[in-house]
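Undergrad: This is what each chain is made of:
There are 2 protein chains.
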Amino acid sequence: MDDETATEILEATYRALCQHGYAALTVKDIAAEADRSKASIHYYYDSKENLFTEFLEFLYERFTAKITAIDGNTPREELESLLNAVLIDGRPTPDKSFRTVFLELQAQAPYNDTFRTQLAKFDAALFDQLQNIIVAGVEAGEFDDAVEPAVAAEFLVTTITGAHARHITTERSINRFNETVTRYAETHLLTDAPAEATR
Amino acid sequence: MDDETATEILEATYRALCQHGYAALTVKDIAAEADRSKASIHYYYDSKENLFTEFLEFLYERFTAKITAIDGNTPREELESLLNAVLIDGRPTPDKSFRTVFLELQAQAPYNDTFRTQLAKFDAALFDQLQNIIVAGVEAGEFDDAVEPAVAAEFLVTTITGAHARHITTERSINRFNETVTRYAETHLLTDAPAEATR
Chain A
3 MDDETATEIL EATYRALCQH GYAALTVKDI AAEADRSKAS IHYYYDSKEN
53 LFTEFLEFLY ERFTAKITAI DGNTPREELE SLLNAVLIDG RPTPDKSFRT
103 VFLELQAQAP YNDTFRTQLA KFDAALFDQL QNIIVAGVEA GEFDDAVEPA
153 VAAEFLVTTI TGAHARHITT ERSINRFNET VTRYAETHLL TDAPAEATR
Chain B
3 MDDETATEIL EATYRALCQH GYAALTVKDI AAEADRSKAS IHYYYDSKEN
53 LFTEFLEFLY ERFTAKITAI DGNTPREELE SLLNAVLIDG RPTPDKSFRT
103 VFLELQAQAP YNDTFRTQLA KFDAALFDQL QNIIVAGVEA GEFDDAVEPA
153 VAAEFLVTTI TGAHARHITT ERSINRFNET VTRYAETHLL TDAPAEATR
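Protein chains in written order, with the numbering used here: chain A, 3 to 201; chain B, 3 to 201.
A portion of the hints provided could be inaccurate.
Stated by the list, open to error - Cβ-Cβ distance ranges computed for the label pairs, FRET-style:
hint	chain 1	residue 1	chain 2	residue 2	range
1	A	Asp-130	B	Glu-150	41 to 49 Å
2	A	Glu-13	B	Arg-185	39 to 47 Å
3	B	Asp-130	A	Asp-5	37 to 45 Å
4	B	Thr-119	A	Thr-7	27 to 35 Å
5	B	Thr-119	A	Gln-21	18 to 26 Å
6	B	Ala-67	A	Ala-71	57 to 65 Å
7	A	Phe-100	B	Asn-134	51 to 59 Å
Honestly, the hints are just simulated from the structure, not real lab data.
All C-beta atoms in this analysis are idealised placements derived from N, C-alpha and C, irrespective of residue type, glycine included.
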């Protein structure tokens, strides 16, 4: 397979999804976005299922690259950087459209084994990265040693997932959720959080 | 309109949704579930949009009845009862199927003004009920007076929303999420939470 063309098709799938949503998406839309024929899409990906399996893998690689390429000299700064990576609108329009599509894909998971398997990897990657940072923070004494990293990471993944869903369904700004989650992390994880801000 | 028949159709819509999901649902499926003709469904609800507007209103009434009919002699017990109402599997199969459908409806919200408006009401009702309980708990001295009810309620709605989404996409038990959220509430809201459990 010509990898470059295959990747171009996945990038066109991303743009076509942002524009049309998952439910309404056709191979014709992807072909139009890639400036190719439907036949050539089918040549590279013999079924829509196969295309989506590869597409989710492509997204997963982008996602893990994003959540591991975080800045920070300390675990606290790394956590802030990670929350910014997952809860911020850098490029408002594509981010919001894509989060909308991602929620659609999540809602299809119960009906689609491939989606479910792939989406579970995103969830696990975010959990692992949060847990790694929290473990490092507790070891460095920057986070309270009563914090249980697995419990805190699990809680944060759940809250971040909820923030994404509510951002889409209620149209609240993602930045507002970022503040809420950051505030939780700052006041409940850090050692010696200021007393007036511990709740 | 014959209210009883109209309600029967909404109940049939609920069952048909649990069985087929939203994306695949047809008026024919609803008619089959209601043991009626397609024409009679159209007689009561002249469009699929109109049917779904009424259906979401019907669900909203059930939801508000569920979250206000909570037990408890104290705000703490009321909060526990509310978390049990929204995060427990009383009747495993229909609950899980329906939560799956609800996630599908949420994912359609950005494409559908009616859905978005109706779903925002569920979000607001849960927020209000949580906030009322937390205000009462702070006033009664049962919850720490440093707790800001609006902030804590907002955080809990986000986490509960995330718990529903992850329950569906990762197939984790809803009870596990209930434990996580209850633990958060117990350790971060209550006055004099045991020191070893405050994180």
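Undergrad: Hint by hint, note whether the structure agrees.
TA: Against the structure, the hints come out as follows:
Between Asp-130(A) and Glu-150(B) the Cβ separation comes to about 32 Å, which falls outside the hinted range of 41 to 49 Å. A beta carbon spacing of about 42 Å between Glu-13(A) and Arg-185(B) agrees with the range 39 to 47 Å that was offered as a hint. Separated by about 53 Å at the C-beta atoms, Asp-130(B) and Asp-5(A) break the suggested range of 37 to 45 Å. At about 43 Å, the CB distance of Thr-119(B) to Thr-7(A) disagrees with the hint of 27 to 35 Å.
Between Thr-119(B) and Gln-21(A) the beta carbons are some 24 Å apart, a value that agrees with the proposed interval 18 to 26 Å. Between Ala-67(B) and Ala-71(A) the Cβ separation comes to about 48 Å, which falls outside the hinted range of 57 to 65 Å. Phe-100(A) and Asn-134(B) have their C-beta atoms about 36 Å apart, which leaves the hinted 51 to 59 Å range violated.
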